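Novice: One-letter residues, chain by chain:
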Amino acid sequence: MPPTEEKNTLVKPETETWKSDMERVGFVRRLFMARNWYGADWWFVAISTVMVFAFIFVALFPGLLAPFKFDQVVGTSFLAPGEYPDVPVLIVRSESPVEKLLDLAVPAEAIRPTVGVIQGAPAATAVNEQSKTLDAQLISENKGLRLRPRIERYVTVEELMVAIDTGLVQAGVANLKEFDAVASSYPSLHSGASITSETASAGGFRMGTNDIGQDVLSRLIWGTRVALIVGFSSSSISLLLGVPLGLMAGYFGGSFDRLLSLLMDSLYAFPGLILAIAITAVLGPSIYNVIVAIAVLYIPTYYRIVRGQTLAVKEEVYIEAAQSIGARRGEILWKYIYPNVIPSIAIVFSVNVADAILTGAGLSFLGLGMPPTIADWGIDLARGQRYIQTAWWLITFPGIAIMLVVLAFTMMGEGLMEIYNPKLRER
Amino acid sequence: MPAESLFSIRNLTVEYHTRAGDVKAVDDVSFDIRRGEILGLVGESACGKSTLGKGLMRLHRVPARITGGELLFDGRDLMSLDEDEMRMVRGGEIGMVFQDPMTSLNPVQRIFDHLTETIQAHEPETSIAAARLRAEELVERLGIRRERLNEYPHQMSGGMRQRVMISLALTLRAKLVIADEPTTSLDVIVEAKFLDLLRELRQEFGLTILLITHNIGVVAEVADRVAVMYAARLVEIGDVRQIFANPQHPYTRGLLRSVPNITLDDAELYKMEGAPPSLLHPPTGCRFHPRCPSVMPICSQKHPPLESVGEDQQAACWLYSKEVKHD
Amino acid sequence: MTPIVLIVLMIGIPSLILLLYIFIKGSMGLRRYILTRIGLTLPMIFVLATLVFVVMRVLPGDPVRSALGPKGTPEMVEHMRENLGLNRPLIEQYGVFLMDMASLDFGKSLIGGHRPIIDEMSERFPATLELIVPASILALVIGIVGGTYAASKRKAAPDYLLRIYSVVIYSLPIFWFGLMLQLLFGVWWKILPISGRIDPVIGTSLHKMTNMYLIDSLLSANWPALESVALHLVLPTVTLGLVLSGVFVRMTRINVIETLQADYIAAARARGIRERVVVYGHALKNAMIPVITLIGLQVAILLAGAVLTETIFSWPGMGGYLVQRISARDYTAVQSVITMFALLVALISLAVDIIYSLLDPRVRY
Numbered sequence: 001m002p003p004t005e006e007k008n009t010l011v012k013p014e015t016e017t018w019k020s021d022m023e024r025v026g027f028v029r030r031l032f033m034a035r036n037w038y039g040a041d042w043w044f045v046a047i048s049t050v051m052v053f054a055f056i057f058v059a060l061f062p063g064l065l066a067p068f069k070f071d072q073v074v075g076t077s078f079l080a081p082g083e084y085p086d087v088p089v090l091i092v093r094s095e096s097p098v099e100k101l102l103d104l105a106v107p108a109e110a111i112r113p114t115v116g117v118i119q120g121a122p123a124a125t126a127v128n129e130q131s132k133t134l135d136a137q138l139i140s141e142n143k144g145l146r147l148r149p150r151i152e153r154y155v156t157v158e159e160l161m162v163a164i165d166t167g168l169v170q171a172g173v174a175n176l177k178e179f180d181a182v183a184s185s186y187p188s189l190h191s192g193a194s195i196t197s198e199t200a201s202a203g204g205f206r207m208g209t210n211d212i213g214q215d216v217l218s219r220l221i222w223g224t225r226v227a228l229i230v231g232f233s234s235s236s237i238s239l240l241l242g243v244p245l246g247l248m249a250g251y252f253g254g255s256f257d258r259l260l261s262l263l264m265d266s267l268y269a270f271p272g273l274i275l276a277i278a279i280t281a282v283l284g285p286s287i288y289n290v291i292v293a294i295a296v297l298y299i300p301t302y303y304r305i306v307r308g309q310t311l312a313v314k315e316e317v318y319i320e321a322a323q324s325i326g327a328r329r330g331e332i333l334w335k336y337i338y339p340n341v342i343p344s345i346a347i348v349f350s351v352n353v354a355d356a357i358l359t360g361a362g363l364s365f366l367g368l369g370m371p372p373t374i375a376d377w378g379i380d381l382a383r384g385q386r387y388i389q390t391a392w393w394l395i396t397f398p399g400i401a402i403m404l405v406v407l408a409f410t411m412m413g414e415g416l417m418e419i420y421n422p423k424l425r426e427r
Numbered sequence: 001m002p003a004e005s006l007f008s009i010r011n012l013t014v015e016y017h018t019r020a021g022d023v024k025a026v027d028d029v030s031f032d033i034r035r036g037e038i039l040g041l042v043g044e045s046a047c048g049k050s051t052l053g054k055g056l057m058r059l060h061r062v063p064a065r066i067t068g069g070e071l072l073f074d075g076r077d078l079m080s081l082d083e084d085e086m087r088m089v090r091g092g093e094i095g096m097v098f099q100d101p102m103t104s105l106n107p108v109q110r111i112f113d114h115l116t117e118t119i120q121a122h123e124p125e126t127s128i129a130a131a132r133l134r135a136e137e138l139v140e141r142l143g144i145r146r147e148r149l150n151e152y153p154h155q156m157s158g159g160m161r162q163r164v165m166i167s168l169a170l171t172l173r174a175k176l177v178i179a180d181e182p183t184t185s186l187d188v189i190v191e192a193k194f195l196d197l198l199r200e201l202r203q204e205f206g207l208t209i210l211l212i213t214h215n216i217g218v219v220a221e222v223a224d225r226v227a228v229m230y231a232a233r234l235v236e237i238g239d240v241r242q243i244f245a246n247p248q249h250p251y252t253r254g255l256l257r258s259v260p261n262i263t264l265d266d267a268e269l270y271k272m273e274g275a276p277p278s279l280l281h282p283p284t285g286c287r288f289h290p291r292c293p294s295v296m297p298i299c300s301q302k303h304p305p306l307e308s309v310g311e312d313q314q315a316a317c318w319l320y321s322k323e324v325k326h327d
Numbered sequence: 001m002t003p004i005v006l007i008v009l010m011i012g013i014p015s016l017i018l019l020l021y022i023f024i025k026g027s028m029g030l031r032r033y034i035l036t037r038i039g040l041t042l043p044m045i046f047v048l049a050t051l052v053f054v055v056m057r058v059l060p061g062d063p064v065r066s067a068l069g070p071k072g073t074p075e076m077v078e079h080m081r082e083n084l085g086l087n088r089p090l091i092e093q094y095g096v097f098l099m100d101m102a103s104l105d106f107g108k109s110l111i112g113g114h115r116p117i118i119d120e121m122s123e124r125f126p127a128t129l130e131l132i133v134p135a136s137i138l139a140l141v142i143g144i145v146g147g148t149y150a151a152s153k154r155k156a157a158p159d160y161l162l163r164i165y166s167v168v169i170y171s172l173p174i175f176w177f178g179l180m181l182q183l184l185f186g187v188w189w190k191i192l193p194i195s196g197r198i199d200p201v202i203g204t205s206l207h208k209m210t211n212m213y214l215i216d217s218l219l220s221a222n223w224p225a226l227e228s229v230a231l232h233l234v235l236p237t238v239t240l241g242l243v244l245s246g247v248f249v250r251m252t253r254i255n256v257i258e259t260l261q262a263d264y265i266a267a268a269r270a271r272g273i274r275e276r277v278v279v280y281g282h283a284l285k286n287a288m289i290p291v292i293t294l295i296g297l298q299v300a301i302l303l304a305g306a307v308l309t310e311t312i313f314s315w316p317g318m319g320g321y322l323v324q325r326i327s328a329r330d331y332t333a334v335q336s337v338i339t340m341f342a343l344l345v346a347l348i349s350l351a352v353d354i355i356y357s358l359l360d361p362r363v364r365y
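Chains as they are written, first to last, in the numbering used here: chain A, 1 to 427; chain B, 1 to 327; chain C, 1 to 365.
These are computed hints drawn from the structure, not numbers from a lab.
In this text, all values refer to a predicted model and were calculated from it rather than measured experimentally.
Possibly wrong hints are sitting among the right ones.
[To be verified] Which residues of chain A face chain C? A partial, calculated answer using Cβ under 8 Å:
| id | residue |
| --- | --- |
| 1 | 263 |
| 2 | 282 |
| 3 | 285 |
| 4 | 406 |
[What the hints assert, rightly or not] In silico DSS-like cross-links for lysine-lysine, where the CA-CA straight-line distance does not exceed 27 Å:
| id | chain 1 | residue 1 | chain 2 | residue 2 |
| --- | --- | --- | --- | --- |
| 5 | C | 153 | C | 285 |
| 6 | B | 24 | B | 302 |
| 7 | B | 24 | C | 285 |
| 8 | C | 153 | B | 24 |
| 9 | A | 69 | A | 100 |
| 10 | A | 177 | A | 69 |
Every residue, glycine too, gets a C-beta built ideally from N, C-alpha and C.
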C-alpha cells in the first residue's frame, strides 16, 4: 500500500473542473445563463423589466413623445381614431417652401400670389376670411408684408390639382378629405397646414379626440407621469414606514407587537379603496392627498411580510450564534435579519406599485382623486363613460394603458417571486 | 438470475436534471433481492440509497428520471409496464414505509380512511364495510386497537404512526416492503420494538424487506445481507456477518471503523479522510479513489466491476480484481 | 318589517344555531378557538370604528362647510355644527359616536330629504349582497379549480396560461373591465342590459320583501321578473367575479404546489392511489385550509370591487350609495356607510375563521 503522503498528488488539478460553473463567470453572464435555469420565469421578469423601463421613460419625457400637450384643444370633439376633421388645408407642390397660408405673404409691392379653390366650395369662403384676418394682422405688425392672394376658381378637384402641379397657382385650398381622395394620382403634391385654427394631422389623431377636442394619445402619454408618480411615491412611503415597524415588531415582540399587529391586521382587512375614498373625501382632491391616502393603505402589507420574515429568521440558529458572541440587537437587526428580508421587500414593492396605480385610477374614476386639470387615465375614463354609446375610443385606450402599466409591475413581482421563493423551487 | 431472487435490478441509472447540469444519483447499479430476506442498504447521506429505493417503484417525478436498466420483479420487467399497471404494482406488490410517519400521513384524513382508500384503489369491488373490516384486523395484528382507527394522525404517538405506515404497506399483501430510513425519527426503545416487529412480520407474512438506512447498528441487528453504496454506486454486498467480520472494500472498512464502540481503547474516533464527492462531476474511475488509503494508479482510470471476494460476498475494488496485477 | 331586519334574521338565526351546535359538539380545543376568535373580533370592530372616526372627524377639512356649500352663512354652519355635536371636545364626540354605532343609530342624512340613513341602507344592503354572493361563488369556482389544475400541470402549458390569466385579470382595472363588457354586450351586441337591477316596467310588478330581487321573484313566482333580474345580474357578476378569480387562482396554485411536495403525497402515490385522486382529493383538501383563511382576507378586494362595479352598472347598492353621498357631501351618511362596511368585514372575517376551524382537524381535536 503506497504511503498516505502520496495520495494527495492523485487529486489532479483537472478535478477542480467540478467546481460549479457558476463561480467562474461574471455577473452579466450569470444573468443570461439564468435564462436556461429559470425558463419561462426569466422571460416574465425580463419582459416586464423592459416594459417598466419603457414606461418610466415615457413618464420622464412625455413632451418628446406626445404630439400635443394634454390640455391643448387640437381638433373637433369626438373624432374617432384615424378620423380627421374635414378642414380646408393648403395644397402645395412638395418642393414648395410654403406650408401655411401665412407663408404666402409677400412685400406690399410684389406680385400677389395666386391661390386656387374649387368653385362654390366652403374652402373658398374660408380662404377669403382667413386672408383678411391674417392681412389685418400683418398690417398691424408693420413689417411691410401683405397677404392679398388672388383667387382662381376651378370646376373640379382634378383641374385644381393639375393647376397646382403645373405651377399655374402657387397653392390651392381644398378640404382634406377631398384631397386625400385624389392624392395618389398627384404624388408631387402634399397637404400643408389647415388654414383655420384647427389643426389637422394627415393621418388623423391616432386615438381620436375626446369630448372637448383634446388628443387622446397625448393625454395618454402625459398621464403616464401622474400614474407612475402616484405609484412610486405612495409605495415608497408605505415601505419607509412599514418595513421598520415590521422589523421592530417582529424582533422585539411583546405588547408593542401585539398592539401594532392588531391595528395593522384591522387595517389590512378593511377594503383599501373605501378607506382611500374616505380619506380623500375628507382631505380634498389633490395629488398629495391621493398619495398619502394610498400610502396608508399599504403600510400593513409591508409590516406583515417583514414581521413574518423577521420572526422566521429570528428562530434560526445563526442568530443565536450572533447573540452568543455579543452582537448588539441593532447590529443583528441590520446585518442579519434585514438582508434576508430584502428580496421579499422588492417583490412586495413591485406588486405594490401596481396596486397603487390601480387604486389611484379608481379614485380618479370616482371623481375623488385629482383635480380635473391634471391629465390622468382615471379621469379620462370617467369622462368617457358618459359617451360609451357613441365614442368607444374614449374608454378603451386609457384602460389599456392602465392595464399595461399594472401588468408590467405585477409580472415583475410575480416572476421575482417564483425565482426567489424557496418553497416553490423544485425538490 | 438465481431461482430465489425476488427482484433483479440490472444496471439501474437514475438521473436528476438540475440547473447546474445532469446528476446521476444512481449510476449503473445491479444486485438481487432474495425472496424472504431482509436486505440492508447502507451508505452516507446523499449516496443515492433513497433515490434507489424510490426508483425501484418508479416513484420518481420530473426532474428525476430512470435513464437506464431493468427492474425484473417476480418475473416481470417493471420498466415495460405502463402507468396504470405500475400503479397496481405500487402498494399491491411492492409497499413502502417512509422515514417520517408524521409527515407521511395525510393530516386531514382519518387513519381508517388511509387504509380503506388504499384497498379500494386496488380492489374497487370491495365494499367500504368489507374494507373497513380488513383494515381493523390488520392493525390489530400490529398492535393497534381498532377504535383508534377513527383518529387523525396527529392524535397518535410516533411509534404508533410508524406501525400504521407498515400496515399501509401490508394491506394488500405486498411481497416486498421497502423501508426508507424507518427508524431515523424514532427513539431507541421504539426503534427496538419496531425492528422486532419487522422480524415477526417477515416470519408471519413471508415478507421480503429492503431496509434503507445510514445506521449500521440497525443493519447489524436485523438484516440477513447488506449492500453498501458510495457516490451513486454499489461498492460491496454480501452476507451481513461475513461483511462485518471481514469487510473487503476500503470504504466499507472505513465505515465500520467509524462506528463508535464503547469497548474500543482508541483514544480518538476514527474519521475517514476527505468528504463524499459532488455527483455533478464525480471523480474518474473508482469514485472512492481520492480518499482511499490503498489507492493504485488504475483506480483513477477505470471503474472496478463487482467481483466475488468470499462465499457470499462481492466487492467492487481493483484490489481484488483478477485482471490487475498487484503486489 | 324592513328588508334589512329580514335579512339579518335570515342569515343570523341559522348561523347562531350552527354556532351553538358546533360549540356543543366540539372539543375543548375547538371551543377555545371559537371563543378566542369572537373575542378578537370585538377589538377589531373597535379599531375599525375608531379609524372611521379619526378619518371623518380628526383629519383636516371641514365637511360641514362643504355640505352647506357657498350658500351657507356662518350662522347656518354654526347651527349645524352644534346639531351634530361637532363643537364638543373630541373625547366626548368619540364616546357619542361609539354609542351611536353600537345601537345602530346612524342618524339622518344631511342632504336632500333628511331620511333616516338606516332606511336608505336597508334598501341598499340587499342589493350589494345580491351582487357579491354570486360573484364570490364564481370567483371561488374558477379560482380553486383553475389553481389546482395549474398546480398539477406545473411548468406545462396549462400552468403558464393560467398564470398569465391570473396576472392579466389582476392587472385589469375592474371599472374598465366592466365598461368593456358593457361596450361589448350592451352597445355593440345588444344582448345584455348594462344598468340597474331589473327592467323598470317589470320592476313595478315585483313585490319586494327582502329586497333581494332574485329571492323575491322566486317567492312570488314572478317569472318575468326573475328573468329580468337574472339578465341584469350577468354583467356585474361576471365583472366582479372574474377579476376576483385572478387572485384566487394565484393563491390556490401556490398552496397546492406547496402541498404537492409533502411527504404524504408521495406516500399516497406509493400506495398506488390514482393521480387525480391524489391531487384533487388529498392535496386540494389540505391546501384548502390555508387558502380559506387567505380568501377571507380578500373580502376587502371584494367590497372595493363592489363599490366600483356598482358605480359603473348603476347598481343601487351600498357602494354606489357611498360614492353618491360623497359627491353630495353628505358626511353623516358617508360615515355610516363606512362603519357598516367595517362591520361587514369583521363579521365575514369571523365566519371564515370559524369555517377554517371546522376544516382543520388539528384544530378540532
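Novice: Taking the hints in turn, state whether each one holds.
Specialist: Hints versus structure:
About 6 Å separates the beta-carbon of residue 263 (chain A) from the nearest beta-carbon of chain C, less than 8 Å, and the hint is met. Using the Cβ-Cβ criterion of 8 Å, the hint placing residue 282 (chain A) at the interface with chain C is satisfied: the shortest such distance is roughly 5 Å. Interface restraint check for residue 285 (chain A): the shortest CB-CB distance to chain C comes to about 11 Å, outside 8 Å, so the restraint is violated. The beta carbon of residue 406 (chain A) is positioned within 8 Å of a beta carbon in chain C (closest approach about 4 Å), and the interface hint is therefore held.
Using a Cα cut-off of 27 Å, the hinted pair residue 153 (chain C) and residue 285 (chain C) holds, with the two alpha carbons roughly 18 Å apart. Under the criterion of a C-alpha separation no larger than 27 Å, the hint pairing residue 24 (chain B) with residue 302 (chain B) is consistent with the structure, at around 17 Å. In summary, the hint linking residue 24 (chain B) to residue 285 (chain C) is not supported, as the alpha carbons are separated by about 35 Å, beyond the 27 Å threshold. Under the criterion of a C-alpha separation no larger than 27 Å, the hint pairing residue 153 (chain C) with residue 24 (chain B) is consistent with the structure, at around 25 Å.
For the given pair, residue 69 (chain A) sits about 21 Å from residue 100 (chain A) by alpha-carbon distance, which is consistent with the 27 Å threshold. At most 27 Å may separate the alpha-carbon atoms for a hinted pair to count; residue 177 (chain A) and residue 69 (chain A) meet this at roughly 26 Å.
Violation of the numbered hints given earlier is confined to hints 3, 7; the remaining hints are satisfied by the structure.
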